[in-house]
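Let the sequences and hints guide you as you build the complete structure.
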Amino acid sequence: MVTPILPLTLRDVELRRGGRRILGPLSLTVSGAGITVLMGPNGSGKTSLLRVMHGLERITRGTVDWQGGAQDVRARQAFVFQTPILMRRKVADCIAYPLHLDGVPRKAARARAAEMAAAVGLADALDKPSAVLSGGEKQKLALARALIRTPEVLFLDEPCANLDGRSTREIESILTRARDAGTRIVMSTHDLGQARRLADEVWFLYGGLLVETAASAAFFAAPRTAQAAAYLKGDLLP
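Residue numbers (the numbering used here): -15 to 222.
FYI, nobody ran anything at the bench for these hints, they're computed from the structure. Some hints here could point you the wrong way.
[As the list claims (entries may be wrong)] Derived CB-CB ranges, DEER-like:
no.: 1; residue 1: R(-5); residue 2: A92; range: 32 to 42 Å
no.: 2; residue 1: P113; residue 2: R153; range: 38 to 48 Å
no.: 3; residue 1: G149; residue 2: A102; range: 30 to 40 Å
no.: 4; residue 1: A107; residue 2: G3; range: 46 to 56 Å
no.: 5; residue 1: D111; residue 2: R153; range: 21 to 31 Å
no.: 6; residue 1: A102; residue 2: G218; range: 17 to 27 Å
Cβ coordinates follow ideal geometry from the N, Cα and C atoms, glycine included.
What follows is the structure, encoded as structure tokens:
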């Protein structure tokens, strides 16, 4: 039986750069199922928190503890950046790349990549160079590559930024299917409508601090903090 890598627990985490506090101190736990949406104004620490949880940032203070060992954690979580990172390869090879790293034979990896491409709407683009894809297609490719290992946890930083409505709907559909298949998702967004559609719970950050956490329905109906209430009204926060 495979041991879960969740819960992920952050205790008294603080991140500083050049003597300036970027994030924290904060403590939180990622567990259970569903989609957590990080919200807050620009500069509130959303991207930094995602990077800390994923392991891309070296924290100044505190602890970041997964349930599993380091090797399991690396293999069973994934991160999709706001601007997709693409390789100079065909779509099929880009999607299959994580399986190549795992030692999966080329034929089997490409077959699985074809399945993932079909699942995200890129079945007709397998032999195209990744560089010629549209913005929405590039984000689908990044999601397919992240999901090909069936990660236990998926982190996403503004996955639909700068996409049109159709592409946004398609990306959201991919995410809800991944959630329903058992992947725990933690993502940031500035799109209130998207947060309402996707979030099971909301974490609201302001000034590098986690100032409010709540189930989605409760957060949007009656935010507990003045900062969150102002943000939802569209007010400018200092």
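Evaluation of the provided hints:
no. : hint                       : result
1   : R(-5) with A92: 32 to 42 Å : holds (41 Å)
2   : P113 with R153: 38 to 48 Å : violated (26 Å)
3   : G149 with A102: 30 to 40 Å : violated (23 Å)
4   : A107 with G3: 46 to 56 Å   : holds (51 Å)
5   : D111 with R153: 21 to 31 Å : holds (26 Å)
6   : A102 with G218: 17 to 27 Å : violated (40 Å)
Of the numbered hints listed earlier, those contradicted by the structure are 2, 3, 6.
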